[in-house]
Amino acid sequence: MSADSTNYIVRFSVRQRIEHIALIVIFTALAVTGLLQRFYTGWFAEWAIVRIGGVETVRVIHRIFGGVFTLALFYHLVILTHGLVVKHSRQSMLLTRKDFTDVVDSLRYALGFRSSRPEFGRFNYRQKFEYWGLMFGSVIITATGLILMFPAAVTTILPGQFVAASVVIHGWEATLAVLTIIVWHFYEVMLRPDVFPADTSIFTGKISKQRMAEEHSLEYAELVGTEAGIEHADYGLEETQEQEPTAEPG
Amino acid sequence: MRKRALVFVIPLLLAGAAVAASNQTAKADAGPVPAPTFDCMNCHGNPDLTMTLPDNETTSLHVSATMVQQSVHGQIGCEGCHTGYDFPHPAVAAQDRFDYEKAAMAACQKCHPSEVAGLQSSIHAGLQGMGIVCQDCHGGHDIQPAQTASLRATTLALCTGCHQNQDLMQQYGLSSSVVTTYLKDFHGRTSLLQAEDSQEAWINEAVCIDCHGVHTILSVDSPNSQVIRDNLTTTCQKCHQSATPNFPSGWMAHYAPSASRTPVVFLARTFYWIMIPFTVIGLMIHIGIDIRHHRRSSKAKE
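These protein sequence lines map, in sequence, to chains B and X. Following the working numbering from start to finish, the first sequence increments by one per residue and tops out at 250. Following the working numbering from start to finish, the second sequence increments by one per residue and tops out at 302.
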């Protein structure tokens with residue numbers, strides 16, 4: 001990460017940006033082909049399945065992308081482990097006690113019961129909870145998906161009821177995931193007034209210093225303190241203060 | 001007998017009616033024969049030809065020659081099935097249509113003895129005052145080859161004709177929700193979608209007959225039934241070759257999830273029924289508070 005005299009900071013590495021784009025493609029393909037099978041009685045499902053090329057084609061596409069998703073999840077877990085064990089990189093996604101108090105404090109602030117907004121580090125509670133929701137959801141949906149793909153092998157070890165339960169879990173977990181993306185993620189990264197029409201930092205990797213200072217003030221302070229020197233810190237903080245009124249309640 | 005009428009699915013309506021009565025001279029051609037030859041079609045080609053049975057049910061005796069010719073039996077001619085009909089026809093002994101159709105099964109038996117014997121040994125043969133006859137599933141004059149994809153695709157509709165009928169099923173102490181539960185489970189879901197895709201493609205998912213059997217369907221209480229627990233693994237292995245004794249309980253056996261029968265499934269479903277509204281409504285509230293705050297602060301700024 002660099003904080004030079006330009007007005008932005010590189011927030012996401014090329015690897016992370018590619019991972020996100022890959023996730024969009026895989027998630028969309030799986031959601032479309034999966035939900036059509038999950039909610040198969042809807043008129044739309046019949047219409048769409050016929051146009052995709054029949055339920056067999058839909059199933060094949062779903063399974064191929066399911067395999068790719070499993071590999072991507074595995075890759076992500078390898079990267080995490082590597083970061084943790086080899087690189088000893090900072091685990092900025094880990095949930096802390098502060099994230100839970102931040103939820104309450106942010107809502108109290110927004111409702112006018114608190115005068116200052118909580119300050120956030122590299123990832124705020126919204127991003128962290130969404131990330132962990134995605135991670136746990138991915139593990140659940142991958143596990144149940146594999147059970148559904150290999151029911152005979154699975155039942156050599158597990159009772160058959162787990163296959164029946166996997167049908168239920170796989171479908172509802174997917175429904176929950178898609179609803180969360182549509183309701184929350186789309187709001188958070190596109191419709192939210194602060195970023196409307198879109199927060200592009202996950203694609204460009206860049207975030208403006210101004211937004212950095214507003215939304216990730218703790219990380220920004222750390223960054224300008226350690227890397228960029230006092231003058232940059234002043235620049236950033238002044239700018240932050242100028243912008244402050246927008247965030248203050250009436 | 002009234003109830004029987006419910007059994008009929010559209011193609012079968014035609015069939016049952018048409019098997020009816022009458023034959024004329026011993027002439028083999030089912031097709032229209034040039035006048036003035038006196039043959040079956042001279043009378044049975046008339047769409048208005050009907051017969052009233054002793055129970056006062058009136059049934060059409062019209063036969064479409066084209067339909068017969070396009071059927072799998074198109075080449076065997078009327079008297080291939082309708083034997084013993086001299087002209088004038090002997091009096092009809094049957095009291096009602098079911099009687100009539102049951103007698104007509106003798107024609108099928110001549111060439112398909114094991115199938116008819118199978119049907120007669122099945123649960124469907126001995127039902128009080130009714131039962132299933134060949135024509136109910138295969139049709140009569142429009143009979144199609146039994147191994148076709150399209151007949152397989154209509155299996156569900158055939159069985160549903162009776163098994164989704166609550167009044168009818170109650171008489172036998174059977175559940176009328178077997179179709180719904182089948183359609184909610186994996187086999188039913190996919191086979192329904194496959195049938196919607198195309199009537200010509202072979203449904204490669206289990207349909208009713210794959211588990212329950214075809215002609216020899218037994219009561220689910222019979223020790224020889226393919227679908228009782230003891231025999232189920234073998235039945236599953238017809239498609240899932242590597243199925244083990246644990247495997248069959250992966251199928252919900254036509255039951256909805258319940259705490260006593262399938263606690264894991266029931267718990268999973270309950271969890272999501274709570275979790276999904278909780279999450280989505282919670283997030284919406286958060287968004288609502290966010291937007292309200294943003295509006296107020298931008299107003300204040302002005």
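Hints in this document: simulated from the structure, not taken from any laboratory. Bear in mind the structure is a predicted one, so any value in this text is a computation, not a measurement. Watch out, some of these pointers could steer you wrong.
To be verified - Distance ranges between label pairs, derived from CB positions:
no.	chain 1	residue 1	chain 2	residue 2	range
1	B	Leu80	X	Ser219	39 to 45 Å
2	B	Thr101	X	Arg229	50 to 56 Å
3	B	Asp199	X	Ser175	50 to 56 Å
Unchecked claim - Under 7 Å between C-beta atoms, here's a sample of chain B residues computed to sit facing chain X:
no.	residue
4	Tyr40
5	Gly42
6	Phe44
7	Ile64
8	Gly67
9	Val104
10	Pro151
11	Pro159
12	Ala164
13	Ile181
14	Val183
15	His185
16	Val189
17	Pro193
Ideal Cβ positions, reconstructed from N, Cα and C, are used throughout, including at glycine.
Given the hint of 50 to 56 Å, check if B:Asp199 and X:Ser175 actually sit that far apart at their C-beta atoms.
53 Å, holds
Restraint: B:Pro159 near chain X, CB-CB cut 7 Å. Satisfied or not?
Status holds, d = 6 Å.
Given B:Val189 as an interface hint, is the shortest Cβ-Cβ distance to chain X below 7 Å?
13 Å, violated
Let me know if the C-beta of B:Gly67 comes in closer than 7 Å to any C-beta of chain X, holds or violated.
19 Å, violated
Would the stated hint for B:His185 survive a check requiring a Cβ distance to chain X of less than 7 Å?
10 Å, violated
Hint status (Cβ of B:Tyr40 to nearest Cβ of chain X, threshold 7 Å)
6 Å, holds
Can you let me know if the beta-carbon spacing of B:Thr101 and X:Arg229 is within 50 to 56 Å?
Between B:Thr101 and X:Arg229, where Cβ atoms are some 54 Å apart, the hint holds.
Under the criterion of a CB-CB separation shorter than 7 Å, is B:Ile181 in contact with chain X as hinted?
Not OK, violated: B:Ile181 not within 7 Å of chain X, min 11 Å.
Hint validation: B:Ile64 versus chain X, beta carbon distance must be below 7 Å. Holds or violated?
Violated, about 17 Å.
Hint check, B:Gly42 versus chain X [nearest Cβ-Cβ separation less than 7 Å]
12 Å, violated
Given a cut of 7 Å on the nearest C-beta pair, is the interface hint for B:Pro193 held or broken against chain X?
Check passed: Cβ of B:Pro193 comes within 5 Å of chain X, closer than 7 Å.
When the nearest CB of chain X is found for B:Phe44, is that gap smaller than 7 Å?
13 Å, violated
The structure shown violates the earlier hints numbered 1, 5, 6, 7, 8, 9, 13, 15 and 16.
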